[in-house]
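Chemist: Generate coordinates for the entire structure from the input sequences, incorporating the hints supplied.
Residue numbers (this note's numbering), protein chains in the order written: chain A, 1 to 428; chain B, 1 to 302.
In silico SDA-like links for lysine to any residue, alpha-carbon gap of 25 angstroms or less:
hint	chain 1	residue 1	chain 2	residue 2
1	A	K308	B	L114
2	A	K263	B	G265
3	A	K162	A	E124
4	A	K74	A	G371
5	A	K314	B	G128
6	A	K263	B	I134
7	A	K236	A	D203
8	A	K236	B	G265
9	A	K263	B	M1
10	A	K263	B	R133
11	A	K122	B	L222
12	A	K122	B	L108
13	A	K211	B	R269
14	A	K308	B	A127
15	A	K334	A	E102
16	A	K122	B	W273
17	A	K111	A	S374
18	A	K122	B	T221
19	A	K180	A	T224
20	A	K342	B	L114
21	A	K212	B	N260
None of these hints come from the bench; they were simulated from the model.
Remember, predicted model here, so these are calculated numbers, not experimental data.
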Amino acid sequence: MRHAYALLMKRTRSITLGMTILVVMALLATSCSSPAAAPTAAPAKPAAPAPAAGAPTAAAAAPAKPAAGQQEIKMGMSWSLTGGTADYGESAKYAAELALKEYNASGGKYKITPVYYDDETKPEKGVQNFLRLINQDKVKAIVGPVNSGVGLAIIDVVRENKILNLVNVSTTPLVTQKYKDDPVQYTFRVSIPDDHQVQLMLDWAEKKGFKKIGFMHDTTGWGTGGRDATLAEMTKRNIKPSVGPLTFAVGDLDMTPQLQQMKAGNVDLIVAFALGPEGAQILKSMDKMNYKVPMISTWAWAGASFRKLTGNDKLLKDTCTVLSFTADASPEAKAFNDSIVKEFGSNPVAVASAQTYDAVRLAIKGLEVGGLESADAQVKALEGQITDFKGVTSVAAKPFAKGNHEGLSRQNGYVGCYTEAGVVVREK
Amino acid sequence: MDAIILQALLSGLAMGSIYAMIALGYYITWVTTNTLNFGQGEFLMIAAMVGLTVVVMWGQHFLVGLAAAIVVLGVMGYLLERGAIRPVLGRLFGIGWILSTVGVSTMLKNVARLGWGSQQRAMPPPAGSEVIRIGPAGVFPQEVLVFGVAVVCMALLFFFLKSSILGKALMAVAHNSDAASLMGINPHRMSILAFVLASLLAGVGGIFYAPLSSIDPNMGTLLGIKAFAAAILGGLTNPVGILVGGLAMGVLELIVANVNFDVSGIAFRGSDWRDIAVFVAIVVVLAVRPTGLLGKQVVEKL
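Modeler: What follows is the structure, encoded as C-alpha cells:
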C-alpha cells in the first residue's frame, strides 16, 4: 500500500512540476512580451500589456539611435494601471507614449526613455514607485499620479527629494496646496483641482436654484478630500448639506440606504464624489426605489465607463458632471483624440489622455529650458520661461507662475448634463 | 419604515445569494477534503470575464456564455486540485493548501489584468433591466435570477449529496477517507469531483453576478472574503446553513446600512459601519455558537 502510495506521489509530483513549469512559462511569456506595436483597431484588444509591477518597459517607440549631441535621459511615469482608476491610467499611458514618440522623433535636446510603474491605485505603492524612480532609475522628472489617494501620499516624497513632478490627473487640492508657502515647490499640475470643481458645481447649483443639497462621497482619499473641499466651500457660501455627508465604499452595489436618507430629507440635488462604477450603482439604486433627483459629480462621471456601467441611458437624465476637455472642444483636441484612437484603438478617459499629453510635454520643456543640473532651475523655467505653450487641453500659453502651479483651474471647466440619449450637453 | 426594511430585505437577498454560491463551493471541498480554495472569489471573476468575452465581445447568447463559463471553470477546478491541492496535502503542517490557493488567486488576478485589461466593464443583464416593483420597493430581474439560481444550486447539491451514488461516495470520503477507500471509493477522484463542483458553483455564480456589478480583475477578492465569513456564520458542515449564512449576511449588511440615529448631536450613519457590522456579527455568533448558526455541535476530545 505504501509502495503504491509512494509511486502515486512520485507521479503526481512530476505532473505538478510539469504543470508548474508550463504555468510559469505562460506567465513569463505574457508579462515579458515586448509591448505590442499599436494594436490594430480590434476594439476588444487590450493595450500593450501593462508591465507586471516592477518590470519597466521601453516606450512603444522604436528606439532610434540618439542624434549626435542628444543626451539620453529617463522620465518616470507612475500611476494606476490597475485598480479603481485604471481606465484613467490606460488613457494616460497612451498619451505619454504618443508625446514621447513625437518628441524623440523631433530631434530635441534629449532622447527620453519612459519608465512606467503601476501604483495599483494604492498609496503605499505610489510612494514605493516614486522612490524607486528617483533612487534606482534616476529619472529626471516624474509624471503622475492619477489617483488622488496616491497623490496625497507622494507629496512629501517629491518635496524631500526635490524632483520635478507634473501631476497629470490627481485632483485632490492638497497636492499643490500643502506646501504652497515653500520657497521652491516642485509639484505642478495639469488637472482641475477638486476645490475648483466644487466651486463650479456649487455655482451651477445656485444658478439652478437648488436649495436642499444632499452630499455623499466614497471612502477613498479622493472622496474624503472631496468632502473636505465641499464642506469648506459650502461654509464659505454660508450653506450646509441638508443630508450628509454620507459615505459608501468603492465596490458597493446597493446604495438604497443612502438614498433612503436623501429621500427622507427631501433634497432637491445630490452632490456626489463617486467614481464611474459607484455613480452607476447610485443611478441603478434610484431606479429600484423609483426615486429620481438631479445629481452632479466631478469629472469622474464624464468618462465613457459611467454611461456603459449604468446600462440604461434613460437613467442618465438630470445627471451632471464637470467637464474640462471634450474631443470636440477645438480642432487640436479632435486631432489629438483621433490620433490616440488611431494608434491605440481606444481612449477610455479622453480628458486623462489630454492632460497627460500636456503634462509630459510641459515636463520636457521644464527639463529643456531649466537643464538637468538643478530641479530649482527647472521649476523657475516652468514658472517664468514657458510662455508659448500650445496645449490640447485649454491650458494657457503661460500655464504656471510663481505661486500658481495649477495649469488648469475653474476657468477651464464647465458643467454638462446628460440627456436621455446618453450625450452630455454643456449647460448654458 | 417598512419600505426601507422591504428594500433592504430584497437587496440583501440578492447580494446574499452570491455569498451563498461562493460559500457552497467552500463547503463542498471543506467537507470532503478539509481544504478550500481561497481563490474562489477569483474563480468567480474569471467566470465573469469569460462571460464578458463570450456574451459582450463575441455577441453570443447568455446561455452560451453560461456554458462556456461552466466548461472553463470545471477545467480550472480540476487543474487546481491536481496542481495546487494534491501536491501540498499534508505539507507545511497541513496548511500548505492555504498558501497555494492564495497564490492561485493572485496569479488569476494578474492573468485577468493581462488578458482583459483593468478597465471596469459592463455585461447587459439577460433578463433586462426593468425594475420589478414590489410595493414601495424594487428589485432588478437579475437579482431575482441570482437568488433563484442560488436556491436551485443548493437544492441540487443537497439532493446530489444525499441521494445519488456519487454524492454518497463524496460524503463517505468526507466521513472517513480510509474506510471509504477500503469500500472501493477512490478518494483522489472524489477530491477532484469536489473541486470541480466548487469551481462550477463559482462559475455559475460569476456569470449570474456579472450583470449586477462592474467586471474587473479585482471584483472577486472582497466577495471571496465575505463569502468565507458567511460560510463560517452558517456553519461549514451543512449546505442549508451555508445558504442561510450567505443570505443572512447579505440582509444584515443592508439592514445595518439603514440604521441611522443621533446620540447627543453625534450622528451614527449605518452606511459607514456596514462592513464592520457584518464581521462583528460573525464574531458574536461564533462566541455563542462556535460551529456556526447551523453547524453540527462537535465536541472535540483532546
